[in-house]
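Mind docking chains B and C on chain A? Use the hints.
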Amino acid sequence: MTGPAATAESALAQHISAVSLIDQHVHGCWLTPGDRRRFENALNEANTEPLAEFDSGFDSQLGFAVRNHCSQVLGLPRHTDPQDYWQRRSQFSEVELARLFLRAAGVSRWLFDTGIAGDTTDLATLRDLSGSRAAEVVRLEQVAEQAAQAPGDYVTAFDAILRRRMVTAVGTKSILAYRGGFEGDLTEPPAAQVAEAAQRWRDDGGTRLRDRVLLRFGLHQALRLGKPLQLHVGFGDRDCDLHRTNPLLLLDFLRQSGDTPIVLLHCYPYEREAGYLAQAFNNVYVDCGLSVNHLGARAPAFLARLLELAPFRKIVYSSDGFGPAELHYLGAALWRNGIHRVLGEFVASGDWSEGDAIRVVDLIAHDNAARIYAFDSG
Amino acid sequence: MTGPAATAESALAQHISAVSLIDQHVHGCWLTPGDRRRFENALNEANTEPLAEFDSGFDSQLGFAVRNHCSQVLGLPRHTDPQDYWQRRSQFSEVELARLFLRAAGVSRWLFDTGIAGDTTDLATLRDLSGSRAAEVVRLEQVAEQAAQAPGDYVTAFDAILRRRMVTAVGTKSILAYRGGFEGDLTEPPAAQVAEAAQRWRDDGGTRLRDRVLLRFGLHQALRLGKPLQLHVGFGDRDCDLHRTNPLLLLDFLRQSGDTPIVLLHCYPYEREAGYLAQAFNNVYVDCGLSVNHLGARAPAFLARLLELAPFRKIVYSSDGFGPAELHYLGAALWRNGIHRVLGEFVASGDWSEGDAIRVVDLIAHDNAARIYAFDSG
Amino acid sequence: MTGPAATAESALAQHISAVSLIDQHVHGCWLTPGDRRRFENALNEANTEPLAEFDSGFDSQLGFAVRNHCSQVLGLPRHTDPQDYWQRRSQFSEVELARLFLRAAGVSRWLFDTGIAGDTTDLATLRDLSGSRAAEVVRLEQVAEQAAQAPGDYVTAFDAILRRRMVTAVGTKSILAYRGGFEGDLTEPPAAQVAEAAQRWRDDGGTRLRDRVLLRFGLHQALRLGKPLQLHVGFGDRDCDLHRTNPLLLLDFLRQSGDTPIVLLHCYPYEREAGYLAQAFNNVYVDCGLSVNHLGARAPAFLARLLELAPFRKIVYSSDGFGPAELHYLGAALWRNGIHRVLGEFVASGDWSEGDAIRVVDLIAHDNAARIYAFDSG
Numbered sequence: 001m002t003g004p005a006a007t008a009e010s011a012l013a014q015h016i017s018a019v020s021l022i023d024q025h026v027h028g029c030w031l032t033p034g035d036r037r038r039f040e041n042a043l044n045e046a047n048t049e050p051l052a053e054f055d056s057g058f059d060s061q062l063g064f065a066v067r068n069h070c071s072q073v074l075g076l077p078r079h080t081d082p083q084d085y086w087q088r089r090s091q092f093s094e095v096e097l098a099r100l101f102l103r104a105a106g107v108s109r110w111l112f113d114t115g116i117a118g119d120t121t122d123l124a125t126l127r128d129l130s131g132s133r134a135a136e137v138v139r140l141e142q143v144a145e146q147a148a149q150a151p152g153d154y155v156t157a158f159d160a161i162l163r164r165r166m167v168t169a170v171g172t173k174s175i176l177a178y179r180g181g182f183e184g185d186l187t188e189p190p191a192a193q194v195a196e197a198a199q200r201w202r203d204d205g206g207t208r209l210r211d212r213v214l215l216r217f218g219l220h221q222a223l224r225l226g227k228p229l230q231l232h233v234g235f236g237d238r239d240c241d242l243h244r245t246n247p248l249l250l251l252d253f254l255r256q257s258g259d260t261p262i263v264l265l266h267c268y269p270y271e272r273e274a275g276y277l278a279q280a281f282n283n284v285y286v287d288c289g290l291s292v293n294h295l296g297a298r299a300p301a302f303l304a305r306l307l308e309l310a311p312f313r314k315i316v317y318s319s320d321g322f323g324p325a326e327l328h329y330l331g332a333a334l335w336r337n338g339i340h341r342v343l344g345e346f347v348a349s350g351d352w353s354e355g356d357a358i359r360v361v362d363l364i365a366h367d368n369a370a371r372i373y374a375f376d377s378g
Numbered sequence: 001m002t003g004p005a006a007t008a009e010s011a012l013a014q015h016i017s018a019v020s021l022i023d024q025h026v027h028g029c030w031l032t033p034g035d036r037r038r039f040e041n042a043l044n045e046a047n048t049e050p051l052a053e054f055d056s057g058f059d060s061q062l063g064f065a066v067r068n069h070c071s072q073v074l075g076l077p078r079h080t081d082p083q084d085y086w087q088r089r090s091q092f093s094e095v096e097l098a099r100l101f102l103r104a105a106g107v108s109r110w111l112f113d114t115g116i117a118g119d120t121t122d123l124a125t126l127r128d129l130s131g132s133r134a135a136e137v138v139r140l141e142q143v144a145e146q147a148a149q150a151p152g153d154y155v156t157a158f159d160a161i162l163r164r165r166m167v168t169a170v171g172t173k174s175i176l177a178y179r180g181g182f183e184g185d186l187t188e189p190p191a192a193q194v195a196e197a198a199q200r201w202r203d204d205g206g207t208r209l210r211d212r213v214l215l216r217f218g219l220h221q222a223l224r225l226g227k228p229l230q231l232h233v234g235f236g237d238r239d240c241d242l243h244r245t246n247p248l249l250l251l252d253f254l255r256q257s258g259d260t261p262i263v264l265l266h267c268y269p270y271e272r273e274a275g276y277l278a279q280a281f282n283n284v285y286v287d288c289g290l291s292v293n294h295l296g297a298r299a300p301a302f303l304a305r306l307l308e309l310a311p312f313r314k315i316v317y318s319s320d321g322f323g324p325a326e327l328h329y330l331g332a333a334l335w336r337n338g339i340h341r342v343l344g345e346f347v348a349s350g351d352w353s354e355g356d357a358i359r360v361v362d363l364i365a366h367d368n369a370a371r372i373y374a375f376d377s378g
Numbered sequence: 001m002t003g004p005a006a007t008a009e010s011a012l013a014q015h016i017s018a019v020s021l022i023d024q025h026v027h028g029c030w031l032t033p034g035d036r037r038r039f040e041n042a043l044n045e046a047n048t049e050p051l052a053e054f055d056s057g058f059d060s061q062l063g064f065a066v067r068n069h070c071s072q073v074l075g076l077p078r079h080t081d082p083q084d085y086w087q088r089r090s091q092f093s094e095v096e097l098a099r100l101f102l103r104a105a106g107v108s109r110w111l112f113d114t115g116i117a118g119d120t121t122d123l124a125t126l127r128d129l130s131g132s133r134a135a136e137v138v139r140l141e142q143v144a145e146q147a148a149q150a151p152g153d154y155v156t157a158f159d160a161i162l163r164r165r166m167v168t169a170v171g172t173k174s175i176l177a178y179r180g181g182f183e184g185d186l187t188e189p190p191a192a193q194v195a196e197a198a199q200r201w202r203d204d205g206g207t208r209l210r211d212r213v214l215l216r217f218g219l220h221q222a223l224r225l226g227k228p229l230q231l232h233v234g235f236g237d238r239d240c241d242l243h244r245t246n247p248l249l250l251l252d253f254l255r256q257s258g259d260t261p262i263v264l265l266h267c268y269p270y271e272r273e274a275g276y277l278a279q280a281f282n283n284v285y286v287d288c289g290l291s292v293n294h295l296g297a298r299a300p301a302f303l304a305r306l307l308e309l310a311p312f313r314k315i316v317y318s319s320d321g322f323g324p325a326e327l328h329y330l331g332a333a334l335w336r337n338g339i340h341r342v343l344g345e346f347v348a349s350g351d352w353s354e355g356d357a358i359r360v361v362d363l364i365a366h367d368n369a370a371r372i373y374a375f376d377s378g
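Protein chains in written order, with this note's numbering: chain A, 1 to 378; chain B, 1 to 378; chain C, 1 to 378.
Isolated chain A, as found in the complex (with noise of 0.2 Å):
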């Protein structure tokens, strides 16, 4: 927590700072050195460019969080400068940081989509910095990319990398928002015309795949699996159109969907939307990464929102890390910040007991997450 005495803490309190974590959905830590440029953007979500001259990522919640909770791990005060934050980093390696911010997440196994490519940790790195479990979460559409440059059937190749890849990972996840957006038809589509589209994309080079029956192809498959179905929604960069991943857009997709868990990834700015989703359908979860992060000293607000419908059960952890090791550090003290404001006020206000506020911290940081990847406990 970032309060400053620990003596006078509540129960809630001191359950919350100590709760292991599971982090459902991560990507890997930067592994090379770069320069304040670097590390600047990367604290920009939304934007594909580099940041304006006039500009600097520190001025947003994320930067006023990384300066707040991050400094403290470097050794520095709360709310150091930019300028001192930057130097105190630079005298670390990105391998020695990795180590300091993972260490310092509490979290005990990190579920980690190995989709995107660059120079980062890859799971075993992961695992070996944190000292934590890390499990794979496959991305669809680099099981389709993948099929199209195999040779042979393409349905054949995909449902061999797929499985293969599946022996080991324990979800998939599906960038869909960002290839064309929820809206249409979702439905499976036909065999015939999945060979077709195959084809098509394979002669067009087979790369970026952005066909819809293809990725209707991807997401079938994947609910075939029963593995919980992560699915990016809302807040990314700007290459996705955001009103076209509201999650309402998956209504009819949802009501096919069977009993395998989707949990909605981000959800930001439509988590109220989310929440309903994971109050009408008993396969369907909502997460809080990405979102936690960029909101800063709001996301105690953006919390509350999605402890509106969402039932108890149904509400998973994750910080979304990817790049800077901060991330995977600040999703985790961002998170118990604002769970402890958001159900610490619940409590003072006598709406919860505080038992029943502990009880639900852990069904978010682990329980919910454990059962629906079936781990073992801890």
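The reader is advised that the hints may include incorrect statements.
[Claimed, not checked] Per the computed footprint, the stretches of chain C lying under chain A, defined by three or more beta-carbons under 8 Å from a beta-carbon of chain A, are:
#, region
1, 170-183
2, 243-254
3, 280-289
4, 298-308
These are computed hints drawn from the structure, not numbers from a lab.
We put the beta carbon where it would ideally sit given N, CA and C, even for glycine.
Structure of chains B and C alone, referenced to chain A:
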């Protein structure tokens, strides 16, 4: 109110505790015994299937609110655990529970939407058990379904049934939200189209109206009556497409709706859009029913959002209670709690005077509803 | 600030009380006397008809805020009742009221959208009465309507009028939101299409531009100038379809908008979406005008939501005052009150340092606007 002591209570708090409510949209309470599964399922609104094995209706904002507020009506401590709550509840018949909870709500009048079939209290029983007045709200789609089964011309039958029922009823209601949503043409259809659509529908059996022409016909007949027309907006079960119930999709309809009061029910997550419409049209009102119950500890945040653009003479109260008698009571308890939280903060911050806050409580609690439904005061 | 005592005031509170504002979007104040009905109607933005008999413009967040904040400027106690407020106000001429309220606002510069006709102050009078600097913002649809009435080629006339007015003007504004909304193609139309559309429009009389081709032409001419382009977004009167003014519908337009600053005005209820766009595009800014006035006691919640994803160098202040001189003042009073409430909580919770909060106040109050409109400081 939820505060422990009454001595130091503000005039605002005392007023809110005691103010009598017009609950302008409810359904019936259960009359027949049921098991715990029925009870827990009734705590989830959006899901149309039974809750999953791993889930519990108690683990939601509504479930926590039942354990906090309703427990006290049954002589249990606040935050009593689900098992104890269930056992205590089981010591009463549903009729006894209804008598207890209805009388505890502090409601002087119930406006009863009789359009849901099921083994629940009728209007007379609601009146008897609560000891309060009650009047009917007529569901237009039910009138249509009755007209489809009646002999003779559909339009004549619809009008005759509607006018007969409106002799004692105080308003109408439409669930257009569940029958295709608000998108598209909502103008009054020409007589020939109505006749043709009615014939087609009767030929198909004349049940569960979904024909847009006949839905539009019903709405415009209701407008003609001049009595308030309630519209289901937003939050409900997943049979409706939530994004097709955004009340902004009603703009063209509202522009041609004349002076008939139109009450937007529930509204979540579109309460800010609904508040805008209440400012934009002299005849549009917003309501908080259903949402307040399901939001529990987050109901104050919802009520605060409802107090953004909506003029204070355009906001009304309801619980939308249906099934467990707890919900008729809990709506009132959470509204009292929430409006105190919100207006108390406006007063504490100096933004509002306490006298103004008390007057706004009266407007929302009963004055606005008394005006539009033409009740004498009290 | 609204707090009673100054002695214990924080440095942040003192800074906010004293900070001078650039009000980057206003209109004129009334000059001619009017009755109470005119005044009350001016407290409702969304309704295009006179308020109903049963209603009062005072019974709204804006009405309560007038009685709280503006009463003090007129020497009345806070929360003075509507009748007393009206009587006191009636003792002054509109010119006297303008002098009082404009000077009380603490605004160093006004950016004046001259596109609304009516018996209100012009630029010179606003400057005189306020004792502050003022510069024009040119409404593109007005330029188009002037060009339609001008002799010769439409494009040449449009360009000549625009360039002549932009010699002294500091930016442009579009009310595309009111002329069909943001949906659909917003690319630059080919010259032949523009010529044809202009001819058709001139043949029809050339008033109230709604032609999409010519609206698009105007936007792209404005982009070419490089001076800031203000766009009406969200909240306004019911002549616009609110859901068609969701700023996410501008995504494709923004993707091709280059470096010209684009300022999203008002934004309610899409302020979170607007904040996302301010993060996603180096040239996009968000503004709080109109909304802050109409939200009154709920303005802090709005300002907090505006501080979610929007980078702090991308947020600007305006009142959008028009008509009653109260509104030019009240925007500033509510912004000071609200930003203090929000940033004060960030500081109290330890999320932000006070020094950072003070710096962000300066950015929003004037630094960001000074940068994009190229003013010298102060």
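### Task
Check each numbered hint against the structure and report the violated ones by number, ascending.
1
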